[in-house]
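Asks: Letter by letter, the chains look like this.
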Amino acid sequence: MRALAALVLLAAALLAATPPALAEKLVSTVSNDEVSITSSFAGEKLTLFGNIEPEAGAPQRYVEGPFQVIIVVTGPLQDRIARLKRPRFGIWMNTEQVVFDNFPSFYHVLASDKLSDITDEETLGRLNLMPESQARITATPSTADEELFGRELVRLMTEQGYFGVKEQGVVFRSSTFYSGQVSLPSDVPPGSYLAHTYVFKNGELITERSEGFAVRKIGFERFLALAAQQQPLLYGLVCVILAVFTGWLGGVVFKR
Amino acid sequence: MASAPARTTQLQIYLPIAELSMNLFFLVGIGGAVGFLSGLFGVGGGFLLTPLLIFSGVPAPVAVASVTGQVVAASTSGALSYYRRGGIDMHLAMYLVLSGVLGAFGGVAAFAALRAAGQLDLVISLGFLLLLGFVGTLMLVEAVRSLLKRRAGIVVREKLPNQHNWIHGLPMRIRFKKSKLYISVLPVLGIGLCIGFLGSLLGIGGGFILVPALVYLLRVPGTVVIGTSLLQVVAIMAATTILHALQSQSVDILLAFCLMVGGVVGAQFGASAGKYLRGEQLRAMLAVLVLAVAIRFGYSLIVGPADPFSMAVIGLGGVL
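If you read the protein sequences in the order shown, they are chains C and E.
For the first sequence, the positions run 296 to 551 when my numbering is used.
For the second sequence, the positions run 9 to 328 when my numbering is used.
Check the hints yourself; a few may be wrong.
As the list claims (entries may be wrong) - Residues from chain C that keep clear of chain E, each with C-beta distances beyond 12 Å, as calculated:
(1) K320
(2) F336
(3) D374
(4) R383
Said to hold, decoys possible - Some but not every residue of chain E turned toward chain C, in silico, with C-beta under 7 Å:
(5) I21
(6) L60
(7) A81
(8) Y190
(9) V193
(10) P195
(11) V259
(12) I261
(13) P316
(14) S318
Hints are computed from structural coordinates only; laboratory data are not their basis.
On a predicted model such as this, the values are computed, not experimentally measured, just so you know.
Cβ atoms here follow ideal geometry from the backbone N, Cα and C, with glycine treated the same way.
Using the sequences and the hints given, assemble the complete structure.
Replies: Structure below.
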């Protein structure tokens, strides 16, 4: 009898200790895992999609929403500098600057709803989801106002189309299947990209997953870019020979 | 920086070093338009092309480095035709080129140092403003004066090349047979050095400074001045292209090639059109053009940029 009571107590304790059914899992993918930059490259659209499913071995056979999704697409990291021009001695020149180490070259946030409706400020801040938080993380301490320069850097990146937040950028096709689209502009920096998907339910983060994809120059463009870096002398000589030849040919063709 | 050009037309070409795509017709078109003017006035056209590219969104280092390649092409056909006609003083050109290449080393080093310090665009703007403003004003005054004299019916007597000035009193004199000059080598080397330095720093051939310098300072006769200057521009710009490729790896060969094709074709039409205009008229028009570019640079320096904040990539981040 006492043994039975102990067993029941233990079971109750175990039940209480297990968190409320965390049984959702995310299955997601990207339409292209490699974006090729060719001579006619003028940007590309990528579709990110996925489904929220019950965890394998979970007792229930279906998941219950409503779910909210935030996808963050991050590009290769670069060291970037933000500069401020001020008039000095009657002319405008760069005066103050702040360096941002390992700052993402591309940062787009797609969400299925208004970010403030999906979760609270505190969670958004903790996950560093907003573009502004990227500037805060990467700023190197300096005498200038880092906060201001960070905001302005994010504004410049947004104006150039490298940064962006698209609320309603993710659409649910059914109660569990979503898709979203991100556009890479033609001047997208080549390198490895990361698409990180966060799934929320009632404002709580329930599961997350990352997919990588690569943006690469291929063929002739790749050859030229590599040649410029690895054989700069030869590359420069070829440029000059090409220029002299073009000039000579022009003279011959037009009999100048 | 301007926003990326519209992507409506199909003929986009991806520039692998500039890392953006631009309209092929636009590139060949501005190459052709600048080539037309360069053929018309007998200058390289770098001083127009570099700013045009920067204003259309090409990163400044790529624009400066790639235009040097275009200037080589634009000046080669002219230099070759002068060479065949015997319009080049090879002896004089050798001194100019040697000192010019030395200047180009300095210019490319200064370019890299200023870029790191964040003051490259300031120096480029100031350089264009002062240089073009000064040369443009001189040219305009001279051209207007001779136009007015012609209108008044006074026969203009060209300044004779054997009229001396203080420069001819310097030591280390050398005889340049073809130019019929017996002058000190020091001003020759000095001019070469300056043109090499400014040309590689600002992405211009420097023909529009070199020709007046050779004419007014050294009294090089008109028969060889254009050819010699063109040869110097080809040599300096070729050296600069290689130095930029080595130093900053910012020469975009595709961008340069598009500009070259347009430039070489445009130059032929410009040269033909030039035959219908008188020398003074051409010089006055070129002066106005040079001044317009100077004013454009001065405007943004004095009035201030549209956006006081700017950004630049200074290196690759750590591995993701």
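Asks: Hints first: check each against the structure and report whether it holds.
Replies: Now the hints, each set against the structure:
No beta-carbon of chain E is positioned within 12 Å of the beta-carbon of K320/C; the least distance is around 25 Å. Not every C-beta of chain E lies more than 12 Å from that of F336/C, the closest at about 4 Å, which undercuts listing it as non-interface. Not every Cβ of chain E is farther than 12 Å from the Cβ of D374/C; the closest lies at roughly 4 Å, contradicting the non-interface assignment. With a least beta-carbon separation of about 10 Å from chain E, R383/C fails to lie farther than 12 Å from that chain, contradicting its non-interface assignment.
With a cut of 7 Å, the hint placing I21/E at the interface with chain C holds, because the nearest CB-to-CB distance is about 6 Å. For L60/E, the interface hint is violated, the least distance from its beta-carbon to any beta-carbon of chain C being 18 Å, above 7 Å. Hint on A81/E holds. Least Cβ distance to chain C is approximately 4 Å, under the 7 Å limit. With a least beta-carbon distance of about 33 Å to chain C, the hint placing Y190/E at the interface is violated under the 7 Å criterion.
A cut of 7 Å between beta carbons decides the hint on V193/E: the least distance to chain C is about 27 Å, and the hint is violated. For P195/E, the shortest C-beta to C-beta distance to chain C is roughly 28 Å, which exceeds 7 Å, and the interface hint is violated. Interface hint at V259/E: satisfied, since its Cβ lies 6 Å from the closest Cβ of chain C, which is below the 7 Å cut-off. With a cut of 7 Å, the hint placing I261/E at the interface with chain C holds, because the nearest CB-to-CB distance is about 5 Å.
The criterion of a C-beta within 7 Å of any C-beta in chain C is met by P316/E, whose closest approach is roughly 5 Å, and the hint holds. For S318/E, the shortest C-beta to C-beta distance to chain C is roughly 5 Å, which falls under 7 Å, so the interface hint holds.
Comparing the model with each numbered hint stated earlier shows that hints 2, 3, 4, 6, 8, 9 and 10 do not hold.
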